[in-house]
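Asks: Residue strings, one per chain:
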Amino acid sequence: MLRGGNKKNRSERVLTKSLPMLMGVIVFAVFLVWSWSLYTGWAPSPMVVLTTGVIVCTCLAAIAYRAKRFRPESDQERVHTLEAAVERYRNVIDTAPSALVMVDPKGSICLVNRAVERLFGYSRTELLGEPVEILLPEAARGHHAAYRSHYVSDPKPRIMGQGRDLHGRSKTGASIPIEVGLTPIRMPNGTYVLSAIVDLTFRKQAERELAKKTAEIEAAEKRYRAVVDTSPSALVMINSDGKISLVNQAAEQLFGYEDGELLGQEVEILLPKSIRGNHVSFRNHFFSQPEPRVMGQGRDLYGISKQGDEIPIEVGLTPIEMPDGLHVLSAIIDLTHRKQAQRTLAEQAEELRRSNAELEQFAYVASHDLQEPLRMVRSYTELLEQKLQDSLDEKTRKYMHYVIEGAERMQRLISDLLAFSRAGRRELERDPVDFNKVLSHVVTLLRATIEERPGAKVTWDPLPVLCATESMVVQLFQNLVGNGLKFQGDEPPRVHVSCEAKGDTWLFSVTDNGIGIDQKYADRVFLVFQRLHERSRYPGTGIGLAITKRIVERHGGEIWFESQPGHGTTFFFTLPMHPKGQKDPPI
Amino acid sequence: MTKRVRPIEILLVEDNPADVDLILESFEESTTPSRLHTVSNGELALQFLNREGDYAEAVQPDIILLDLNLPRMDGRDVLAVVKSDPQLMHIPVLVLTSSEAEKDVRDCYQLHANCYIIKPAGLKHFYQVARTIEDFWFGVAVLPVPP
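Chains A and B, in that order, are what the protein sequence lines are. Numbering-wise (my numbering), the first sequence opens with residue -6 and increments by one. Numbering-wise (my numbering), the second sequence opens with residue 8 and increments by one.
Bear in mind the hints are in silico, worked out from the structure with no lab data behind them. Hints may contain errors.
What the hints assert, rightly or not - Dumping the calculated DSS-like pairs for lysine-lysine here, alpha-carbon to alpha-carbon at most 27 Å:
(1) A:Lys391 - B:Lys131
(2) A:Lys380 - A:Lys391
(3) A:Lys197 - A:Lys164
(4) A:Lys380 - B:Lys131
(5) B:Lys131 - A:Lys479
To be verified - The calculated label-pair distances, taken between Cβ atoms and stated as ranges, are:
(6) A:Ile407 - B:Lys131: 18 to 26 Å
(7) B:Ser91 - A:Asp427: 36 to 44 Å
(8) B:Lys131 - A:Glu340: 50 to 58 Å
Note that the structure is predicted; figures quoted are calculated from it, not measured. All C-beta atoms in this analysis are idealised placements derived from N, C-alpha and C, irrespective of residue type, glycine included.
One chain only, chain A, in its complex shape (with noise of 0.2 Å):
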C-alpha cells in the first residue's frame, strides 16, 4: 500500500463525516456517568462527570476509528488512492535519469519521460502515439519492426543489440550514442516494451578521448622505441637489481642475442666470465653513487656475445631516475673496427717507417756506393790525362774530356735527386726563421754566380720571421734566386724578392729580367727532370725547382708562376703564418 501524499486532505475529510457522531457519543458518555451516579448513590461533582465522560468518549471514539480502519474503502476512495499512485509513479518516471520509453504492442511510444524529451529533443506531446522508430536512426528503421516483433515472441529483460554500437535520432537529426536495456511488460491486450535509454554521449566522448591519448602515448612509445632501437650505440638499461629492463635491436645484435631475449637477465651475461664478479660490486657502487660517467676508463673493456666472442667496447653510464626507481642505461660502442683500424694504421705506420728506412739506406747508398764509382771514373781520367799530358793527342783529349763531364753530371745528378729526397723525407723543425737573413746568407752562396755576371743585382724587401726549417728555407731561395741569375739574357741580372701578408697566409714572390718562362711549361717545370734548356746555355740537372716546391709544400704552402718571355718571371709561394703544429711526420 502507498500512503502519504495528501494526507492532511484525508483527515479533514474523515473529521468533517465524525463530528456529529463524536458529539453524540459524548453526550451519550455523560448520561451514563450520571446514570451510574444515581444507581451508587455516588455523587460526584458536575466537572468529574464531565471529566469521566469525555474519557470514555474519547476511549469509544479510539475504538470506532480502529474498527473504521478495517473498513473496505469506498470506490471513489479507491480512485482517489490509484490516481496517487499513478501520480507518485509518473513523478519517478519522470526524475528517473534513465529515458523511459514505453511501446506498446503495436510498436507505438505509449510513454516517455522528460529524460527522453531532453535527450531526443521532441516534447512528450509529439511522441506519444508515434511508431518507435522515430527515435531511431533512418538506416536502422527498417529493420526495427523484425527485431521488434522478434523481441515479442520472446520476451526477457535483456540489452538491445549487444555488442554494437546503438544510436538514437535526435529530433535535429543527431545520431545519439546509446545503450538500451529492454524489459517486456505483459498486459491483457499484448506486450508493452519498456526501454531504459542511457546517453552514451559522454562515455564514447571520454572513450575516443581516451583512445586518442592512448593512442599518442602508443605512438610516443613507438617513437621512443625507434630512436632506441635505430641508435647505432647498443643500448642496454638495467634496474637496481642488475636485470636487463630495456635493450634495443644494436645490443642484440652486438651480443648475438634474439629479439627479447635479453629482457630480464642480469646484465652480467654481457660480460666475459673472469669479471663477473667484480662486476655486481662495481653495479651496486654505482647505483649508491650515481653519476653520469664512461666505464672502467683507461682500461680495455670487453663485452662478451652469445656465441662467446670477446667484443672491444666502450661504455657510457647515465642513471635515469624511472617510476619504479633508478635504472642505468649504458650505452655501449663497438670498438672492433676501432681497434681493428687502429692495427690498420700501425702497420701502415711500420710499413710506413720501413719504407722510408729503406729509402734512407737507398739515399746513402746512393750518397755513397753510386758517388765512389763516379769519383774513381773522374779522378783517374784526369790523374790519366795530368800524366799523359805530353803525349795526348788533340782528339783524345777531347774523348776523356767528355768522360770527365759525364762523370761530373752524373755526380751533380745523384747528389740532386738526394736532395730532392730529402727536401721530402726530412723531418721538419719548426723555428722562428729570420728570412732577411737567408737572404743575405743566400746572396753569400750565390757570390761566385753573381761575380760571374757583371751588374747582377739581388734586393729585398723587408721579410718577416716565420717558423720554418732554416736549411730548407736556404735552399728554396737559394733555388729560386740563383734560376733568376742563371737564366737571363744580354741584361744585367736582377733579382728582387718580396712578401705581402695575405689572409693568415705569407705571400713572397721572386721577381727577375731574365728570358722568362712560356706559360705552357706551367707544369713541367716543377716535375724531376725537366729542362726547358739545352745544358750547354744553361747548365743544371732541371730538378731545382722540384725541390722548390717540395719544400714550399711541405710547409704547407704553394708555388707557381707568372711570367712574359724577355720580360722576366716572378716566382710566388705562400707560407702560412701559423703553421700547423710544431712538428709534422715527414712524407
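Place chain B on chain A using the hints.
Replies: Below, chain B alone, put in the same frame as chain A:
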C-alpha cells in the same frame, strides 16, 4: 811550428786500392816527409795499432786517416775503439770518406773524431785537400810526441 827530424807516420785505413793510390799520389808531392802505412780493413787497423800479428814491429802512427765504410769492422767501430783506449786515444783520427750523410758527420764527431773530411770529386780538389791536411796537421797543429 816544430821542426821534425823523423817523417810523419800516417796510418791509412782504406779498402779501395784506387783511393789508396790516389792518396799516395797526392801525398807524394808533400813537402813534409811522411810515411804512409796502409791497411784494408778495421780489424787489421786495430792489429796495426796494437802491434799484433804481422804488425808486431809496427810504429805507432802520428795520425790516422780512416775510411768509414770498411769490410768486417767498419770505420765507426775502429774510431770507437781508438778513442776509448788510453794508449791510442791521443792519436788524431781524420775521417776521410765519400759519405755526405749528416748522421755520419754527427756520429763521428760524437765518437771524438778529430775531423771529418768528405773525399772530393775531381783530382784537383783531391790534391787541394791533401795539401790542406798537410798544411794544417803537419804544419799548423802540434802533435803529441810519442812516448
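Asks: Now, for every hint given, state plainly whether the structure supports it.
Replies: Hint check results:
Between lysine 391 of chain A and lysine 131 of chain B the CA atoms are separated by roughly 18 Å; this keeps the pair inside 27 Å, and the hint holds. Among the hinted pairs, lysine 380 of chain A with lysine 391 of chain A is consistent with the structure: their alpha-carbon atoms are about 16 Å apart, no more than 27 Å. Distance check on the hinted pair: lysine 197 of chain A and lysine 164 of chain A sit about 20 Å apart at the alpha-carbon level, within 27 Å; holds. Distance hint between lysine 380 of chain A and lysine 131 of chain B is fulfilled; the C-alpha atoms sit about 13 Å from each other, no more than 27 Å.
A hinted pair counts as satisfied when its Cα atoms are at most 27 Å apart, and lysine 131 of chain B with lysine 479 of chain A qualifies at roughly 26 Å. For isoleucine 407 of chain A and lysine 131 of chain B, the hinted distance range of 18 to 26 Å is satisfied, since their beta carbons lie about 20 Å from each other. For serine 91 of chain B paired with aspartate 427 of chain A, a C-beta distance near 41 Å keeps the hint of 36 to 44 Å intact. The hinted window of 50 to 58 Å between lysine 131 of chain B and glutamate 340 of chain A holds, with their beta carbons roughly 51 Å apart.
The earlier numbered hints are all upheld by this structure, with none contradicted.
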